[in-house]
Amino acid sequence: MKKILDTGNAACALAVKAARVDFVAAYPITPQTSVVEKLAGYIAEGKMNAKYLPVESEHSAMSAVAAAAAAGARVFTATSSQGLLYMHEILHYAAGGRLSLVMANVNRAVCAPWCLYVDHQDAVSQRDTGWIQLFAASTQEIYDSIILAYKVTEKIHIPVIVNYDGFLLSHSMMPFETVDQDIIDEFLPPFEPAWRLHPQWGGTFGNVTPAENYAPFRHSLAADIRKAGEVIEKIAREFEKLTGHWHGGLFDAYRTEDAEFFLLSMGSMASEMELAVDILRDKGIPAASIRLRVFRPFPAEELSRLLPDGARLLVFDRNYAFGTEGGVLLAESKAALFNRKDDIKVVGRAVGLGGEDLPADFLAEKAREMMEVLK
Amino acid sequence: MSISIKDLPDFEYVLPGSAACAGCPSAIALRMVGKALGENAIMLMTPSCAVASIGPLPKSCYSIPVLNVCFASAGASAAGLAMALDALYEKGRLTGEKPTIFNWAGDGGTYDIGFQGISAAAERNDDFIHFCYNNEAYSNTGMQRSGATPIYAATTTTPLGKEVHRKNLPLLMLEHRVPYVATASLAYPTDLIRKVKKAKDIRGFKYIEIHAPCYTGWKFPSSDTVKMSRLAVQTGSWLLWEAEFGKVVLNSPTSLLAAEKIKPAPLEEYIGKQGRYAHLADSPQKEEILAAMEKEIRRELKFMAARAEL
Ligand SMILES: Cc1ncc(C[n+]2csc(CCOP(=O)(O)OP(=O)(O)O)c2C)c(N)n1
Ligand code: SF4
Ligand SMILES: [Mg+2]
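Each protein sequence line maps, in turn, to chains R and U. Taking this note's numbering, I'd label the letters of the first sequence as residues 556 to 930. Taking this note's numbering, I'd label the letters of the second sequence as residues -10 to 299.
There are no misleading hints in this set.
Computed spacing ranges between beta-carbons, pair by pair:
no.	chain 1	residue 1	chain 2	residue 2	range
1	U	Leu161	R	Ala667	29 to 37 Å
2	U	Gly193	R	Gly758	26 to 34 Å
3	R	Gly757	U	Leu161	30 to 38 Å
4	U	Ser(-7)	R	Arg781	53 to 61 Å
5	U	Asn114	R	Arg682	36 to 44 Å
6	R	Arg895	U	Thr145	51 to 59 Å
7	R	Pro609	U	Arg288	36 to 44 Å
What the hints contain is simulated information worked out from the structure, not anything from laboratory work. Glycine included, each C-beta is placed from N, C-alpha and C at the ideal position.
Based on the sequences and whatever the hints tell you, model everything.
Here you go:
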């Protein structure tokens, strides 16, 4: 184990290298760029035994890693914003095909108008593609999540996106601890899939399929992704045992003891949210922060379990679910708590769009506004 | 390399039960390609007639592993697969001979929606063969125009006949300076098989375009697929040539046409048999249009002959 000071993108690239990825295909976009530049560098310098395909678009990046994954290679790509949107067709393809893939998405607002800074519109727009989506909130969590994601995807054959906030995490330096290669190798042995796209295995992939076979594929993907939360938590515990690194299960909770107001968020916003909770607590308001780490599958039962009778859930969305009253987390949370019999209440705001600064006092103020609404 | 039909292996890529139309040029071409490439191969397919005719899962009319990819994905998916296999073989996780990887795509998947990815793979010199079976339209979706539809041909989206020329995609691929580019025809099977065998033994990007007259869309009798293929070449409407590392050689009979050692077959024999040109028959401009088409054929022949001099 070695403690280093570097950016989120550097942590991501180091984790991909440590995971002994076989194949990388990627297309540059701010703020993801330095991840793939670093990987191209490692490969060129012989520090990483992998192939790098410099594709001409993100649609091609995802098409390339999907085909490589079908052959049973351990693959990686990374993108942001427009790039993720451009991949959309192949995201469905990869999940439907039950391919084992890991992608980093460095969250950034979407066009129009152009904006380089963070929000989560890119990721939430891919909500229903069948991918698992993790959200990291520190360089350490980026590093650990990438390694964990490989273990998850190779176990349950559902692709995984590791999301982290553009610039705030991708470009700021934070100390983090790398894990020794022998520990990673023990945690993540070489990928040996049950089937490979290869004449030795035979078989046809993605054939035209009548409903009687198509529907069961979709139902099993839906069922398996719902069960993925449990798998992720178990694998995170396994990783903790080997490394001591722990970032919370499906949620990372702060000051939940005796709390009445729960401030829900995703990504780096949560660290300011914890400070906002301190501000509120200092004023005698029983607030807590809960940070969602696993956006897909949405941990509905765990959310409900976290919230005591009569709790007030204040949702901070860094995105919009256009045509609804707010963001995606608000709608998801309401759906998750719909069957509660107590007088639990949920309210939400879309904040931090396009990189809007979210200092603790601003978040505390927003929380108080929402509390007013709930009165 | 001399090829004799009777020495070809019995091995078949296309098994009985294919849902393609009788006389489908894609099925005929793929059978020949199979004889040249053999069993150790992986085929990637973009949405097309060749995919629609696989037969519903869990069955397949193709005897080798197939990866069905999305419409614009052929270039990148084949490149990714080829490179990933290189990595797995180098790391010793796969052993034996690396399979031949090839795309089987229509003109839609090649000229239009897939062109960006294919062009990029060619520029990177990725190690696979891209086959385009060119039936000069989107047959699978019911015969809409493509970038390969020739001028004047009627399709469901050019009901009065196409107003603009097709692209010259083989030429565009040639100027990507890739190791191998060839055009081929169903009516010249030994030439086709020789080209495929040659491509198989070259590392890097190979492009082979096979002219594929589709009776359903072009509207001619289903028994005439090969006859129509031959007329296309004999009239000079489809040119046979190949190029290794940019050095172009015209193949017979195109070379003989270019050298004016033989005369082109009358164009009317070719287009007059196709319902997609029926509107020309009673057009007052028929003579003018035919003359323009013949002029264009002469121009392309001259152009390729000169390109072969480089
Ligand atoms: C992204 C996307 N757009 C449209 C389609 C619908 N589509 C399927 S096959 C096809 C035409 C295929 O044409 P071509 O590649 O020439 O093959 P052919 O059908 O002629 O054999 C189209 C438009 C699709 N599958 N995917
Ligand atoms: S429409 Fe044409 S290309 Fe399609 S299956 Fe029929 S003959 Fe073949
Ligand atoms: Mg076509």
